[in-house]
Amino acid sequence: MQALRETDPRRIGPYEVLGRLGAGGMGEVYLAESRTGLRLAVKVVRAEHAEDRTFRARFRQEVRAAQTVGGTGTYTARVVDADTEGERPWMATEFIDGPNLREAVLDGGPLPEDAVRVLAAALGEALAAIHAKGMVHRDLKPSNILLAPEGPRVIDFGIVWALEATALTTTGTIVGSVGYVSPEQIRNGAEVGPPSDVFSLGAVLAYASSGREPFGEGRDSVILLRILTRDFDLTGVPEPVLPLVESCLREEPGERPTPREVVAAAGHDAGSLQAGVWPGWFTGDAAPEPSGSGERWVPAWESAERESRVEYVAPVTLTDVPASEPPHVPPSRRGLLPAAVGGAAVVAGAGAGGWLWLRDRGDDKAGATGSPAGPRSTGVRWEYGTGGLGGRGACAALSPDGSRLYVGGMDGALHAVSPNGRKLWSVKLRRPVLSPLATADGAYCLTAGNGEGAAELYAVDPRGRVRWKRTIDGGGSQFPVAAGDLVLVTTGTESRGSVRAYAPDGSVAWEAPTPAGPTSEPAVAGGSVYVGTFGKRLVALDAKDGTRTWAVRTGRNTGRPTRIGDTLVVASGDGESGWEEMFLHGFSLAGKQLWKTSKDDIGGGRYFTSARFGDLAVASGQGSVVALNPAAGSTSWIFKGGGDASSYSDPTVFGDTVYACLGSRLYALDRLGRQRWKIGFEGPESGSTHRPLVHGGRVYVATDRGIAALEKS
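Oh and the sequence shown: position 389 is 389 in the UniProt record's numbering, straight run, nothing missing.
Just so you know, the hints here were simulated from the structure itself, not pulled from any lab data.
Be aware that a few hints might be false.
[Said to hold, decoys possible] Cross-link-like lysine to aspartate or glutamate pairs, in silico, EDC-like; alpha carbons within 20 Å at most:
1) 596 to 542
2) 640 to 601
3) 544 to 485
4) 469 to 511
5) 536 to 581
6) 592 to 542
7) 536 to 485
8) 469 to 505
9) 133 to 150
10) 469 to 485
11) 423 to 704
12) 428 to 461
13) 596 to 615
14) 133 to 114
15) 423 to 383
16) 423 to 461
17) 133 to 113
18) 133 to 261
19) 596 to 581
20) 133 to 103
21) 428 to 456
22) 423 to 103
23) 536 to 505
24) 133 to 107
25) 423 to 401
26) 469 to 494
27) 469 to 542
28) 428 to 401
29) 544 to 494
30) 423 to 114
31) 544 to 600
32) 640 to 600
Since this is a predicted model, take the numbers as computed values, not measurements.
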């Protein structure tokens with residue numbers, strides 16, 4: 001729960017408001033309490049929507065749907081009160097004290113198998129109750145499922161559709177959430193039946209049991225295409241529940257199980273389902289004996305003869321991405337597209353294109369050189385205080401299993417935080433902790449140097465116990481760098497130094513001297529280690545043993561390079577001139593300079609560190625993000641952020657989106673430099689360059705206090 005803001009109401013109807021539970025495009029949700037002590041979740045429609053007659057009618061429809069379905073035994077939230085005619089319409093439902101499914105998986109990983117069976121059965125019961133009232137939910141997804149001590153609860157009936165008809169649904173528009181819509185929702189828009197909810201249920205169960213999005217991550221349009229082409233990934237789904245998930249994800253609606261069949265397939269009935277939930281049921285705490293045999297379940301209809309049928313499918317057009325398309329969290333894995341798509345095609349068509357436009361409401365109209373678009377409906381999910389961040393790497397390091405964030409604090413501690421902002425542990429390391437490195441063995445981090453310039457490298461296991469520490473004499477490293485199972489740091493002063501490689505047990509695997517001291521941490525790519533020095537050189541080493549491959553002069557103190565294809569992009573400059581003289585260089589992998597360009601030729605920013613963005617090099621400076629063609633050094637595009645952007649972060653690339661903080665705004669840009677969205681937050685005032693971290697639909701950023709999680713709603 002978040003504290004109330006000055007603009008938030010203190011009473012809604014007869015209920016006292018206690019705090020904020022969240023916000024979305026439709027409105028805000030508050031925790032409130034009745035005079036008798038009953039706690040409620042109250043959704044209040046935004047003022048701009050309350051003036052829209054069509055929107056108000058939709059809200060009335062949501063209230064009616066929730067009142068019709070919600071209640072005991074249906075695994076849906078009960079409606080307690082509502083006012084659909086007031087100046088700001090609202091609806092009060094029973095407060096469910098538990099996380100939503102997405103939060104639970106982000107925080108604790110995939111649900112245990114028994115919990116997945118309970119989830120499947122409860123959602124089957126909920127859908128059966130909804131369908132029995134002649135309705136279809138149409139937006140079943142992890143964030144719309146709360147995990148209460150008494151069992152799961154389906155919430156958000158904002159787009160429930162009465163099967164008989166409705167004048168409020170636009171023909172040809174897809175309604176639902178990307179990654180969880182059925183093929184028929186993409187093809188037919190609103191004209192879907194109960195089997196569509198079962199498909200969404202299958203996707204939800206896949207996510208709950210594996211911790212992975214079954215259709216991957218990336219642009220909305222690419223995910224829709226994966227759904228249409230059945231390009232799903234069920235890696236990590238336990239074998240005993242895999243057939244149930246696969247049956248729910250069948251392409252033909254008539255071949256999917258009914259909700260009641262899902263309940264039976266999960267090994268439950270109404271009685272056993274009630275016995276299968278208890279406080280902590282979804283975490284595995286105090287779990288009872290499994291109700292099923294653990295054998296692989298095969299649907300009863302798997303071997304049954306089926307009557308062949310032909311169903312009309314509206315044509316779907318494959319075309320280029322519309323300029324206004326708002327992509328989701330970028331892809332983290334394969335993108336297998338049919339050859340006919342030509343590699344860059346996505347789903348558009350009347351249904352998909354219209355739906356994507358409605359989701360964004362036209363916010364993404366500005367290109368790289370135009371005025372930035374207005375912020376989407378977004379906000380700070382949580383903030384974790386560490387007294388500020390040390391170092392200049394990423395704001396946090398994500399453990400390989402995604403269960404924790406490692407954060408280095410100016411408070412002299414290394415912190416482990418869950419993706420939901422819960423403190424797991426912290427270990428005091430005496431001096432400010434710089435940006436950590438996460439590995440399967442835990443975390444590695446450097447502490448700030450003492451008065452004599454000596455720093456310390458710590459190895460900390462996943463439980464927060466220090467495995468070993470080593471003293472580092474000076475050096476430019478602000479964070480350790482992985483090279484296979486080795487951990488690299490730089491040591492020394494401006495006049496002399498080295499790159500040192502530590503083995504997992506803390507022994508020195510190799511050490512390579514450098515001509516003058518390194519300016520920063522090394523970069524590792526393609527079996528080589530690259531490091532810039534105060535001696536105006538760029539040095540290449542063999543990652544296996546530290547043997548020097550080559551060293552070339554750049555003319556100025558040289559930063560950390562980035563490899564893009566066969567080109568190394570690196571910055572050089574002179575701090576004595578206030579960085580007025582600063583250059584970007586392109587070098588071949590053999591050390592030959594290909595090009596050199598002044599910062600003044602590409603927009604005048606101070607571009608210290610670049611990142612690979614497809615076949616481009618992207619860097620951020622004061623108020624701008626620039627993309628370069630690494631082969632020629634020419635500028636591909638420049639994005640200018642609005643407002644005061646004297647502080648900025650280094651860029652982070654995730655899939656087909658680059659993220660950068662400019663001042664107190666986080667920007668997400670596409671490959672052409674067009675703004676996808678932006679989020680305002682209280683960014684650091686100290687000129688922090690900590691890179692954002694992207695994970696699980698959230699973007700983590702540096703603040704003056706520590707880190708914050710930002711989330712699009």
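Evaluated hints:
Between the alpha carbons of residue 596 and residue 542 the distance comes to roughly 25 Å, so the proposed pair goes past 20 Å and is violated. For a cut-off of 20 Å, the pair hint linking residue 640 to residue 601 stands: about 15 Å separates their Cα positions. Distance check on the hinted pair: residue 544 and residue 485 sit about 10 Å apart at the alpha-carbon level, within 20 Å; holds. A distance of roughly 17 Å separates the Cα atoms of residue 469 and residue 511; the hinted pair therefore holds under the 20 Å criterion.
Between residue 536 and residue 581 the alpha-carbon distance is near 14 Å, which keeps this suggested pair within the 20 Å criterion. At roughly 17 Å between alpha-carbon atoms, residue 592 and residue 542 fall within 20 Å of each other, so this suggested pair holds. With a C-alpha separation of about 30 Å, the suggested pairing of residue 536 with residue 485 is violated against the 20 Å cut-off. For the proposed pair residue 469 and residue 505, the alpha carbon gap of about 10 Å is at most 20 Å, so the pair holds.
Restraint check for residue 133 and residue 150: not satisfied, since their Cα atoms lie roughly 23 Å apart, outside the 20 Å limit. Proximity of residue 469 to residue 485 is assessed by CA-CA distance (about 17 Å); at most 20 Å being required, the pair is judged to hold. The hinted pair formed by residue 423 and residue 704 meets the criterion: a straight-line CA distance of about 18 Å does not exceed 20 Å. A C-alpha spacing of about 14 Å is found between residue 428 and residue 461, which places the hinted pair at or below 20 Å, so the restraint holds.
The hinted pair formed by residue 596 and residue 615 meets the criterion: a straight-line CA distance of about 18 Å does not exceed 20 Å. Restraint check for residue 133 and residue 114: the C-alpha separation of about 29 Å exceeds 20 Å, so the hint is violated. The suggested pairing of residue 423 with residue 383 holds, with an alpha-carbon distance near 11 Å, which does not exceed 20 Å. Of the pairs offered as hints, the one joining residue 423 and residue 461 holds, with about 16 Å between alpha carbons and a cut-off of 20 Å not exceeded.
Straight-line distance between C-alpha atoms of residue 133 and residue 113 comes to about 31 Å, which puts the hinted pair past the 20 Å bound. Our distance criterion of 20 Å between C-alpha atoms is met by residue 133 and residue 261, whose separation comes to about 18 Å. For the hint pairing residue 596 with residue 581, the CA-to-CA distance comes to about 13 Å; that is within 20 Å, so the pair holds. The suggested pairing of residue 133 with residue 103 is violated, with an alpha-carbon distance near 30 Å, which exceeds 20 Å.
Between residue 428 and residue 456 the CA atoms are separated by roughly 13 Å; this keeps the pair inside 20 Å, and the hint holds. This hinted pair checks out: residue 423 and residue 103 have alpha carbons roughly 15 Å apart, not beyond 20 Å. About 34 Å separates the Cα atoms of residue 536 and residue 505, which puts this hinted pair outside 20 Å; it is violated. Our distance criterion of 20 Å between C-alpha atoms is broken by residue 133 and residue 107, whose separation comes to about 35 Å.
Distance restraint check for residue 423 and residue 401: the Cα-Cα separation of roughly 17 Å lies within the 20 Å cut-off, and the hinted pair is therefore satisfied. Note on residue 469 and residue 494: the hinted pairing is violated, with a Cα-Cα distance of about 24 Å set against a maximum of 20 Å. As the CA atoms of residue 469 and residue 542 are separated by approximately 25 Å, the hinted pair breaks the 20 Å bound. As the CA atoms of residue 428 and residue 401 are separated by approximately 24 Å, the hinted pair breaks the 20 Å bound.
For the suggested pair residue 544 and residue 494, the alpha carbons sit about 26 Å apart, so the restraint of at most 20 Å is broken. A threshold of 20 Å between alpha carbons decides the hint, and for residue 423 with residue 114 the separation of about 27 Å lies outside it, so the pair is violated. For the proposed pair residue 544 and residue 600, the alpha carbon gap of about 39 Å is over 20 Å, so the pair is violated. At roughly 15 Å between alpha-carbon atoms, residue 640 and residue 600 fall within 20 Å of each other, so this suggested pair holds.
In summary, the structure is inconsistent with hints 1, 7, 9, 14, 17, 20, 23, 24, 26, 27, 28, 29, 30, 31 from the numbered list given earlier, while agreeing with the others.
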